[in-house]
Amino acid sequence: QKEVEQNSGPLSVPEGAIASLNCTYSDRGSQSFFWYRQYSGKSPELIMFIYSNGDKEDGRFTAQLNKASQYVSLLIRDSQPSDSATYLCAVKPASGSRLTFGEGTQLTVNP
Amino acid sequence: EAEVAQSPRYKITEKSQAVAFWCDPISGHATLYWYRQILGQGPELLVQFQDESVVDDSQLPKDRFSAERLKGVDSTLKIQPAELGDSAMYLCASSLGYRGKTDDGYGYTFGSGTRLTVV
Chain V
25 QKEVEQNSGP
35 LSVPEGAIAS
45 LNCTYSDRGS
55 QSFFWYRQYS
65 GKSPELIMFI
75 YSNGDKEDGR
85 FTAQLNKASQ
95 YVSLLIRDSQ
105 PSDSATYLCA
115 VKPASGSRLT
125 FGEGTQLTVN
135 P
Chain U
15 EAEVAQSPRY
25 KITEKSQAVA
35 FWCDPISGHA
45 TLYWYRQILG
55 QGPELLVQFQ
65 DESVVDDSQL
75 PKDRFSAERL
85 KGVDSTLKIQ
95 PAELGDSAMY
105 LCASSLGYRG
115 KTDDGYGYTF
125 GSGTRLTVV
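As they're listed, the protein sequences go chains V and U.
Residue numbering for the first sequence follows this note's numbering, starting at 25 and increasing by one per position.
Residue numbering for the second sequence follows this note's numbering, starting at 15 and increasing by one per position.
It cannot be assumed that every hint is accurate.
What the hints assert, rightly or not - Pairs of lysine-lysine, DSSO-like flavour, derived with a Cα cap of 30 Å: (1) V/Lys80 / V/Lys66; (2) U/Lys85 / U/Lys25; (3) V/Lys66 / U/Lys29; (4) U/Lys92 / V/Lys66; (5) V/Lys80 / V/Lys91; (6) U/Lys76 / V/Lys66.
What the hints assert, rightly or not - Selected chain V positions facing chain U (Cβ under 10 Å, derived; list incomplete): (7) Gln62; (8) Glu69; (9) Ala114; (10) Ser121; (11) Leu123; (12) Glu127.
Worth flagging that the hints you see were computed from the coordinates, not collected in a lab.
All of these numbers come straight from a predicted model, not from anything done at the bench.
Don't be surprised by glycine CBs; every beta carbon is placed ideally from N, CA and C.
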């Protein structure tokens, strides 16, 4: 079992729709969870992080965490073509500071 | 805005040759990471430094890869000899951490990466 798994893509949504990206992790002791956006040929950029169960909102982005289910998600409301990118889920373990990344989900927002 | 500097941006090398990448983290960031990202996959940690010390190099292919951060600031990752399978994006990242302590809680800032092609 992979440490971090993301829903297989690619994911395609129309402009203005809600995009839902999902991630599960295997280490029950994991403490912190991150979402990075990566445009083609570019490096990842941090868009959200969450530590506590529940929802965390930042503009059009909402991160959701359920530690009991070992599940974290990212919702993008009012999706824009500029949101088209690969979204990487990353998990910080209980000990140490290194992040383990999933393989990413490619999102395309169609005008 | 503070950035992680990496060079070169692109590198093409022949297999069996040596290649080196350089990274300068955000000023004051004690923790530095080198990741490798193969096309279509997520980044994979190669080595983590806390100041000048290696914290984790369990995934570093030590027969051909080496990394150093001699003064606890900038870092160099070397591959010798390069193999075709080393073609990937090499990413450097740094995070805020207090000297002598492990960073806790925050995500990292990545540099722009070095795209390596081995031919």
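Against the structure, the hints:
no.: 1; hint: V/Lys80 / V/Lys66; result: 26 Å, holds
no.: 2; hint: U/Lys85 / U/Lys25; result: 26 Å, holds
no.: 3; hint: V/Lys66 / U/Lys29; result: 25 Å, holds
no.: 4; hint: U/Lys92 / V/Lys66; result: 22 Å, holds
no.: 5; hint: V/Lys80 / V/Lys91; result: 14 Å, holds
no.: 6; hint: U/Lys76 / V/Lys66; result: 27 Å, holds
no.: 7; hint: Gln62; result: 9 Å, holds
no.: 8; hint: Glu69; result: 7 Å, holds
no.: 9; hint: Ala114; result: 7 Å, holds
no.: 10; hint: Ser121; result: 4 Å, holds
no.: 11; hint: Leu123; result: 7 Å, holds
no.: 12; hint: Glu127; result: 5 Å, holds
Checked against the numbered hints listed earlier, the structure breaks none of them; every hint is satisfied.
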